[in-house]
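Q: Following the hints, put chains B and C in place on chain A, whose structure we already have.
Chains as they are written, first to last, in our numbering: chain A, 1 to 412; chain B, 1 to 351; chain C, 1 to 288.
These are calculated hints, taken from the structure and not from any lab test.
One or more hints might be untrue.
Said to hold, decoys possible - Computed Cβ-Cβ distance ranges for the label pairs, DEER-style:
#1 A:P269 to C:L274: 33 to 41 Å
#2 A:E295 to B:P172: 49 to 57 Å
#3 C:V146 to A:E284: 44 to 52 Å
#4 B:R203 to C:L163: 42 to 50 Å
#5 B:Y217 to C:V177: 29 to 37 Å
#6 A:E64 to B:L332: 56 to 64 Å
#7 C:R81 to B:R203: 41 to 49 Å
#8 B:P172 to A:K400: 26 to 34 Å
#9 B:G147 to A:G330: 45 to 53 Å
#10 A:S303 to C:T157: 48 to 56 Å
#11 B:L23 to C:E254: 46 to 54 Å
No residue lacks a Cβ here, since even glycine has one placed at the ideal position from N, Cα and C.
So the chains spell out like this:
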Amino acid sequence: MKFTRRSVLKGAGAGLGTAFAASLFPQVSKADDEIVIASLFDQSGGLDIYGTPMTMTCELAVEELNAAGGLNGKKIRLIKYDPQSNMQLYAQYAQEAALKEKVDLVHGAITSASREVIRPILSRYKTLLWYSVIYEGGVCDINNFVSGVGAVQWVKPIAEFGFKHRGPKAYYIGADYNAPQIIGKWLEKFSGDLGGTVLQRDHFPLDVTEFGPAIAKIQEAKPDWLATCLVGAAHMGFYRQWAAAGMLNKIPIVSCTFGVGNEHIQLTPEEANGIVSAQPYFQELELPANKAFVERYHARFGSDAPYLNAVGIGGYLGTMLWAEGVKKAGTHERGPVMDALRSGDIAWDGPAGHMVVDPVTNHTIQDMHVAECQNQSWKIFDSYSQLYPSDVVDRCDLTKTPDMNAHLEPIL
Amino acid sequence: MKIALDLKSWNTRGLIFVGVVMLALLFAGPEVFDLFVLLKVILFVSTAMLALSMGFIWGFGGILCFGQSAFFGIGGYAYAIGVINMGESTVPILLSVLVPAAFAMLLGYFMFYGRLSDIYLAVVTLAVTLIFYAFIRSTSGEEYVIGNARLMGFNGISSIPVFNWPGFPNSPLWPDDIFYVATTLLILVYFGLRILLRSHFGRVVVAIKENETRAEYLGYDVRFYKMIAFSIGAGIAGLAGCLFVSFNNFINPDVFALGLAAQIIMWVLIGGVGTLVGPMLGSLALQMLYNWLGTQTFASFLNTYLVFGAIILIFVLAVPQGLQPTARLLALRFLPFTRPPEEKARGGGDD
Amino acid sequence: MDTVALLIIEVLNGISSLALTCAGLAIIFGMMRVINFAHGEFMMLGGYTTVVATNAGVNIWISMLILSPLVVGIIGIISERLLIRFFYGRLVDTLIATWGLSLLLIGIVTAIFGNYITGVSAPLGNFALGQYQLSIYRLVLIGLAVLLFVGIYFVFTRTRLGLIARGTMQNPDQAAVLGISPPRVYMITFGIGAALTGLAGGLLAPISQIIPTVGFTYVAQAFITVITGGTGAITGTIVASGIFGTVRQLVTYETTPIIGGVVLLIVAVVLLRLLPQGITGKIFRRSL
Chain A
1 MKFTRRSVLK GAGAGLGTAF AASLFPQVSK ADDEIVIASL FDQSGGLDIY
51 GTPMTMTCEL AVEELNAAGG LNGKKIRLIK YDPQSNMQLY AQYAQEAALK
101 EKVDLVHGAI TSASREVIRP ILSRYKTLLW YSVIYEGGVC DINNFVSGVG
151 AVQWVKPIAE FGFKHRGPKA YYIGADYNAP QIIGKWLEKF SGDLGGTVLQ
201 RDHFPLDVTE FGPAIAKIQE AKPDWLATCL VGAAHMGFYR QWAAAGMLNK
251 IPIVSCTFGV GNEHIQLTPE EANGIVSAQP YFQELELPAN KAFVERYHAR
301 FGSDAPYLNA VGIGGYLGTM LWAEGVKKAG THERGPVMDA LRSGDIAWDG
351 PAGHMVVDPV TNHTIQDMHV AECQNQSWKI FDSYSQLYPS DVVDRCDLTK
401 TPDMNAHLEP IL
Chain B
1 MKIALDLKSW NTRGLIFVGV VMLALLFAGP EVFDLFVLLK VILFVSTAML
51 ALSMGFIWGF GGILCFGQSA FFGIGGYAYA IGVINMGEST VPILLSVLVP
101 AAFAMLLGYF MFYGRLSDIY LAVVTLAVTL IFYAFIRSTS GEEYVIGNAR
151 LMGFNGISSI PVFNWPGFPN SPLWPDDIFY VATTLLILVY FGLRILLRSH
201 FGRVVVAIKE NETRAEYLGY DVRFYKMIAF SIGAGIAGLA GCLFVSFNNF
251 INPDVFALGL AAQIIMWVLI GGVGTLVGPM LGSLALQMLY NWLGTQTFAS
301 FLNTYLVFGA IILIFVLAVP QGLQPTARLL ALRFLPFTRP PEEKARGGGD
351 D
Chain C
1 MDTVALLIIE VLNGISSLAL TCAGLAIIFG MMRVINFAHG EFMMLGGYTT
51 VVATNAGVNI WISMLILSPL VVGIIGIISE RLLIRFFYGR LVDTLIATWG
101 LSLLLIGIVT AIFGNYITGV SAPLGNFALG QYQLSIYRLV LIGLAVLLFV
151 GIYFVFTRTR LGLIARGTMQ NPDQAAVLGI SPPRVYMITF GIGAALTGLA
201 GGLLAPISQI IPTVGFTYVA QAFITVITGG TGAITGTIVA SGIFGTVRQL
251 VTYETTPIIG GVVLLIVAVV LLRLLPQGIT GKIFRRSL
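Only chain A is shown next, with the shape it has when bound in the complex:
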């Protein structure tokens, strides 16, 4: 513990209160020969399946940037924190990163819950936050850039594929928290436009392992297809029990989350073949930039490194997009970097294709792909080009109201 560590700010004899006031506006002039960023992804506990690859890809991004001479001639130093799937540690490490290390960027948070813990802290201490996980959408905060897709970008391909190719009657099951609920509502909204219906929406706590009653209910409702937004290891039992009951070929599954926890590898081909999912990134994407990236990834972390899905790649995409902002700004100071990122000129072609940072929402315009699971790998059969993050655009325009700082829920 650093109980005796004295604050640099305090050294000048600052009074008790002024120390806090000063840290509200941290002096940018710290050790000026390096750029420091912090990664805040769970590498242990229940969320490590998401956080471990995110930390790896973030690390890879920093190494590549440094190998190319750093940013504006300065090397980047990465501080890796492991919040151990514990919200309290998120808060503490965010404070540590902002106040003690005075980092230029915190790249972090996996669940919306953890993001909402650190977002107010980082906005209070004026430290940039990058969030790169697919989520329910709605963050409206000038200090927080998001390269993960929001619900609209996510649900649109699923709804269109499901209602057009699988039939008009859908049944929706998801985990029991905000994101799957909002996604379920979007699905219902899209169903109206597409001439379909959502028969029922059921939600399951994250620790439910026994899906017999749920499977019985779905069979009773006789939907044309099943939309799933299940999350976590316990919920994988659903797919297992669904297949064991012989339902896989009876009622097809179209999922928004299937694959982001590497479900397609954890389940056997007999249990998962034919499941359709829509994601902004698959490791199988046929882009030259992606093929080269996947090669570099395996060269760095070994051939048995985790499969990279839309969540895992986030550590790389977010860091690289931020780096584009730093390059354009010519400095790593927060203000100019924010202006550069929000200039509308930040467009970058990476493993996930063309990405553009949108100044209205601070989110990212990007591609979506629809794929079918075949023998533990994805066959991409349809793509959507440059979808706009329009989740709450009716109420969030950061170009007009830069002081807005909220996590909005769509009004549907």
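A: Below, chains B and C without anything else, positioned relative to chain A:
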């Protein structure tokens, strides 16, 4: 036999020592610590208070509550909902003590008047905290609103206002002030419990723990005393929850989860059952361990869980009595001046 | 009509998976009074054994029924020798020791296998029941759970080993006087408990997914069930599993899984209030 009631020199010395350390922390804290450490210490103070509540009801009341986290969480949610609705923190702080205390009174009536014993009580309290966990997690829909406060389910409530000066909703406390408030509260609670344990009520509670049947034969209504002690513990846990929520600005259902419920017991076990300082030290030690682990980069064949588990195992095998009693034994052995004259006559530890 | 049949099967499914989850704990906690917080991790190890062995080409039934209990039984005995035996008679202290053990086991498994692995799918296919389709494996699981408890009951009441074990748990000094070595009996009993837990983990692997931290999912419900069962650990666990499994499956079917879970816990609280010594404290008092 009644260690806790002993007013002889060693205990008094111990109390003075604890008091001096705590006051030193109180006054020196903001001078010595920078803002980031200060915020961290504030959090440790809130977990220390939670540990204290468990140390009291278990170590002195003999009530093994496996769901102390329930009161911590209720206190936290009571504060959060209160302050979001009222925009002023004074009443919500009181609520955070009173609501869990009242709930514990009800639950205590249900359990103690039903003569639920040791391990069955533990599992009922565990079930209660898990019921809250499941219930709060299922409140993510828009329909779960209390006044202006959305419960938000699994995601939890964020951007909860911090304490303000009583009567001045627009003057929030700064971290230094919060540190003073939190540390002062901890000192008050600690010495409050010490005084309580020396009162008639406290003596009866300890007597019940030592020998329930005999206390009953002496005419004490065991059920009543246990219920009140349980309720006091819950109030303290609620206050800890309130501090935790206010300084973190967020609360989520994890405060009710098995993880925290079990950890509270670990704090007391690591610190030493039957002491009050021990549990606080135990919570500090575990919190610091968590913190340290998350900033480490381990070799590829190691990971946080492996290192954490190994440390715990080495600890339980090497220090089976807990930190505080072991430290005391070592002090008695190697530091003669800590040895009170009447030490030989006594069995257990106090402070 | 087929809905009723389906519901009966679902209820039996719920009971059998809960009872399997609790079997080992009924012995380790119910009889030996060791609060085994690593219970979930023993299940996880059983699951990993089945998954790894089956993926390596071993017949799935051999993996589940023989390898899982064998491997976890051995791990259990090693844990008992190196750790648990220092804590006998210190009920609450076992909690922290086994908590450390649970973290260590998660850490070791993560270090070896990473944080995910391809699981195994359920064998035997499915059958139609009117308008419904069901897994045959789940029916087999019901049968296996029944067999398992009959087996445990038989071993602990009708065999010499079982009698010695029960006698030693009740009065180790008396047993020692009779020439039995209590430490050995404890070790073997703990090993049996661990093996049963491993077996449960193996049997449930094809209908769930195994990751290093999956144990947390099971541990609370297992303890609540065994403790509600009361002093007659085996009978109590069966009865408590029966009540909880029925309540949870029916309520979940009628409402939502959240309410199902909450109602289960409320039933546990009310049951313990009415029967403060657990179910077997009042009813089936002379049972095992």
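Q: Which of the numbered hints above does this structure break?
A: 1 and 11
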